[in-house]
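The primary structure of each chain is shown beneath.
Protein chains: 2
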Amino acid sequence: MKKYVFTPGPVPVPNEVLVEMAKPIIHHRTAEFEDIVKKVRDGLKYIFQTEQEVFILASSGTGAMEGAVANTLCRGDKVLVVNGGKFGERWGKIARAYGLKVEEIMVEWGRAVDPKIIETKLNDDPSIKAVLLQASETSTGVMHPTDKVAEITNKRDDVILIVDGITGVGVFPLPFDKLGIDVLVGGSQKAFMLPPGLAFASMSEKAWKFNETSDLPKFYFNFKDYLKSAEKNTTPWTPAVTLTIGLAEVLRNFREEGLENLHKRHQNLSHATREAFKAIGLEIYTKDQHSTALTAAIAPPEIGAANVIKGLKENFGMTVAGGQDEAKGKIFRVSHIGYIDKSDTVAIIAAVESTLKKLGHKFELGAGVAKAIEILD
Amino acid sequence: MKKYVFTPGPVPVPNEVLVEMAKPIIHHRTAEFEDIVKKVRDGLKYIFQTEQEVFILASSGTGAMEGAVANTLCRGDKVLVVNGGKFGERWGKIARAYGLKVEEIMVEWGRAVDPKIIETKLNDDPSIKAVLLQASETSTGVMHPTDKVAEITNKRDDVILIVDGITGVGVFPLPFDKLGIDVLVGGSQKAFMLPPGLAFASMSEKAWKFNETSDLPKFYFNFKDYLKSAEKNTTPWTPAVTLTIGLAEVLRNFREEGLENLHKRHQNLSHATREAFKAIGLEIYTKDQHSTALTAAIAPPEIGAANVIKGLKENFGMTVAGGQDEAKGKIFRVSHIGYIDKSDTVAIIAAVESTLKKLGHKFELGAGVAKAIEILD
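These protein sequence lines map, in sequence, to chains Z and U. Number 1483 in my numbering belongs to position 120 of the first sequence; there are no gaps in the numbering. Number 1402 in my numbering belongs to position 39 of the second sequence; there are no gaps in the numbering.
Simulated from the structure, these hints should not be mistaken for laboratory data. Don't take every hint at face value.
The list makes no distinction among identical chains, and a pair is therefore deemed to hold if it is satisfied within one copy or across any two copies.
Stated by the list, open to error - Below, computed lysine-lysine pairings styled on DSSO-like, alpha-carbon distance capped at 30 Å:
id	residue 1	residue 2
1	Lys1456	Lys1441
2	Lys1366	Lys1595
3	Lys1591	Lys1691
4	Lys1627	Lys1464
5	Lys1408	Lys1591
Please model the complete structure; the sequences and the hints are all you need to start from.
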């Protein structure tokens, strides 16, 4: 059976990129590879919309999240964590692992954080050094208002904004320099349509000031070493050579597609999927601003998400994501990131319709696909 | 021009493995991928010669080295570092980054550490908590006597032995359980003949006891999380899916080849290359026990290593490694790890002969190849 991946990472990788990565290996300390790193640096700056360096880490996104904390903060510092899902929770875990004091804003799953709460917390407690946020909370499909939060942190010299953009960068506008984000993290297996194994991070001038006094231990993820190496188009440690080569290819394609179109593509697929699901009577799990990286739908309770996921897998070879923690068994998540186009999106909507029909859900067959075609055309 | 990689990482990857990794991506939280992880766990235990778990990290080897320290030691602990090259030096840097007290045994480049010095140091200073060693010091081609050092640390309950086996595991015998190593680290782009991006680590019971009290911050490299996940044939963070799939393939081949043959292969290629180089009047840089991962040869001083390396690249498409730091410009290093067989080895020896002849080195052309064929046959 032909297989389709609609998970919010790993994502489908273009065949051309898979083939590029399957070429005979080259050594990383060569002019040839340095040329690739040079192109990747330029391409990442274009996508991150920054003049700062974007570091290429051989790790998954979590490693870059850890690096964001370890490179800026000090033992005992207090941080404000927005916890509105699985990945917000992870910020808290990382911060605690480093002996930081964690104040958490618990946000109901499916809801976005209210920036006013952040402002109040920062006003009330001047000892808070950083706000840790997801641009896109993948477990709930929410887009937190990074721009509004950045407006708040930008007014303060003593507070930085650390953003997990793992399912945000390349998906929707998140202009690093313009918004004034201080640390922004990305990952290869998301919008970058590569296998997992690479993570990215960028630091603002303000974050580098924090770095000067930061006393948390760091070695493999020491961004200062990456900065020094980047100037020579290399990395401090052996890079993930093949993934970096694939990245150069993807970034070349992104440049051709154009950043605006890249964002628009995700926006369209997300919009079409959401409206299609609504048209067949599904409730969307995300209550506030949607991340355009994925659509989180609530399965009809009498059917349950597990049956929908199973049906998609068995009859259509399609892998979608289930819910995590409190959303487990309740929702299924369809991703719009990676090498996915409008035809793939129509296909998954049709498969969801077919699966739901078989499972006894009542709706007008074809209504979802019709809605999607109307939007995607 | 056809290209050959003779560097001690990255190394040639078998085409069959490249193709395997170029297959359409699969999701990591699936029965299919869990089955791969199960096979990889078994295969790694076979190569590490251990009944302990071997963790699969999405990072380069340096990340696993950092993990080895962060998972066992405490702030302010004193460690004994064997610094006989670039990678020994790295142990010191990692330990210092974590606020450990570092006592270094400086070993002349090209020499192996004398285990007696380690014993004396441990006797003199009971506050030392760990010995940090390279099984194979890639910058000098030395094999340090891990077995003898393990005999010393095994006699003590309060000292662990942390071994960088990045160019040792799978190359020569380094039986984790039998020797009583406490933490052993490996990397994908070495004997495992994969692209860089995966690292491995195993911990002894004694190391796990140290882990109980270890207070160094760790998150991405927290081995306890990897242990918990391994039992469910998964990893705590998104794994480097394609590399892990390639690893399953490589480990299957290793099982067929057999561990003894795997070690013998490196032994033969190393022996043949060393004797061939001697036969054409080259001095070997490594003065004590040779690592069978690579051969480090001193270029004739009137020619210089840079010219040899350039000639191999330009006329034969062959990449070899130069020297680092104090060996820079002086030596060139030919690797025996990765997908390299006796014919490749004869080819590099012939290329070195041709290059040296053109550069004016006096020797009997063909003497090296003849010696190699004799040994490899």
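Exercise. Under a CA distance limit of 30 Å, which applies to Lys1366 and Lys1595: within one copy, between copies, both, or neither?
Worked result: Answer is between; shortest inter-copy Cα gap is 24 Å, intra-copy 41 Å.
Exercise. Which holds for Lys1591 with Lys1691 at a C-alpha limit of 30 Å: within a copy, between copies, both or neither?
Worked result: between (44 Å within a copy, 21 Å between copies)
For this session: Up to 30 Å between alpha-carbons, please classify Lys1456 paired with Lys1441: within, between, both or neither.
Result: both (13 Å within a copy, 28 Å between copies)
Problem set entry | Same-copy or cross-copy closeness of Lys1408 to Lys1591 [CA-CA at most 30 Å] | within (16 Å within a copy, 37 Å between copies)
Problem set entry | Homo-oligomer pair classification [Lys1464, Lys1627; C-alpha up to 30 Å] | Intra 39 Å, inter 54 Å, cutoff 30 Å: neither.
Hint 4 alone, counting from the list given before, is not met by this structure.
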